[in-house]
Amino acid sequence: MQDFRWSASGSLRGQAAAEYMMLAGISVLLAIIFAGQIQFHLELMEAHSAARTGASEGATADTLAVYPGVTFEEYQSGKPELLEPSSVRVVRVEMIDDGYSSTYRMRKFRLRAWLSGPPMKPSLRESISDRVNFCMRRSISRTFGTEKLTNTYYNPAFSDHYVFTTSEAVWV
Amino acid sequence: MDSEGVVTADAITWLFFTVLIASVMVSIAGARLEGVYSDEKLLEMRILLDNVAEAVNLATAGGAGHEVVVELPERLNHTAGYRVFINSSGVYGWADGQRGFSSIYPVVVADAYGRTSGVHLEPGRRYSIRNAVRNNRTVIMVSGVS
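Quick mapping for you: the protein sequence lines, in order, are chains C and V.
Each residue of the first sequence is one higher than the one before, counting from 2 in this note's numbering.
Each residue of the second sequence is one higher than the one before, counting from 6 in this note's numbering.
Bound conformation, chain C alone (with noise of 0.2 Å):
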């Protein structure tokens, strides 16, 4: 892109070419709109890789064995299997485009976690889907700072402009 300078020379001081004044113009539109167009990109990469931790941080608590007070109870009554360390593993988060909601009045994604582990009781697999599908969605709220949005179980997360839901989780 060619700078400009306003001319020095008497007769065309403060001059500037009418193709100048049009490209500065258009490339000023274009940059607005791709400004626009690369800002909604980054908040769904960042609301991407919030759930990528918050997937990370659940499935190290699996790993570790280490859970909020409530949860170790719960556990401890009903599925002691969970409070022994095991080795869960995030393969991959996936973002599914579920369109806009009308409920929400905003563009919707469902965020699915890949996990691979040893081999267990379903219920028990079904825990471990919940714990890092809360986690995904804790860390989006966090992120984007919309905790007073949603809920206790931060079901829908939202970002600025998007919201998020969570299905189980695939086994691999």
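Among these hints, one or two may not hold up.
Stated by the list, open to error - Label-pair distances were calculated between CB atoms; the ranges are: (1) V/88 / C/154: 22 to 30 Å; (2) C/123 / V/59: 29 to 37 Å; (3) V/19 / C/103: 27 to 35 Å.
Stated by the list, open to error - Rough simulated footprint, nothing fancy, chain V against chain C, three-plus residues with beta-carbon under 8 Å: (4) 36-48; (5) 60-68; (6) 122-130.
Hints listed in this document are in silico derivations from the structure and should not be mistaken for laboratory results.
Note that CB positions come from ideal geometry on N, CA and C, so glycine has one too.
Fit chain V to the known structure of chain C by using the hints.
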């Protein structure tokens, strides 16, 4: 013509997008760092509980008179306070609202006064975990040492 202080449109565009991307990167990195910090605390708690449980199992397996000394850190990850409790089913830990458990070989655990309801261990102290036989039964005595 004075060309000092002239900024090209290229530079402004580049700066704009760089700042935009950098702001997102900083946010992502911040979230990741917080996650790592939290994981480190949970990991330290898991290691601590497993170490104490291993000490109890070692004392049990070593036979009468076998003693293992454990030293507890002042804090987890240098910041978080914590509590440890041992009873006959295992070792329990609390830190920042998080709880963990490490199982032990089932054995009677008693404190220095012979009470078998369980023993609370305090951070920053050293404890002797000793295999003692009482009425032909193995009892693991946990007592503080200086």
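Do the hints match the structure? See the list:
Under the hint 22 to 30 Å, the C-beta atoms of residue 88 of chain V and residue 154 of chain C, about 28 Å apart, fit the expected range. Separation of residue 123 of chain C from residue 59 of chain V is about 32 Å and conforms to the stated range, judged on CB atoms against 29 to 37 Å. With their beta carbons about 40 Å apart, residue 19 of chain V and residue 103 of chain C fall outside the hinted range of 27 to 35 Å. Evaluation of the coverage hint for the stretch 36-48 of chain C: fulfilled, as 6 residues show C-beta separations to chain V shorter than 8 Å, against a requirement of three.
Coverage of the stretch 60-68 of chain C by chain V holds in this model, with 6 residues showing a Cβ closer than 8 Å to a Cβ of that chain against a need of three. With 0 residues carrying a beta carbon less than 8 Å from a beta carbon of chain V, the stretch 122-130 of chain C misses the three-residue requirement, and the given coverage is violated.
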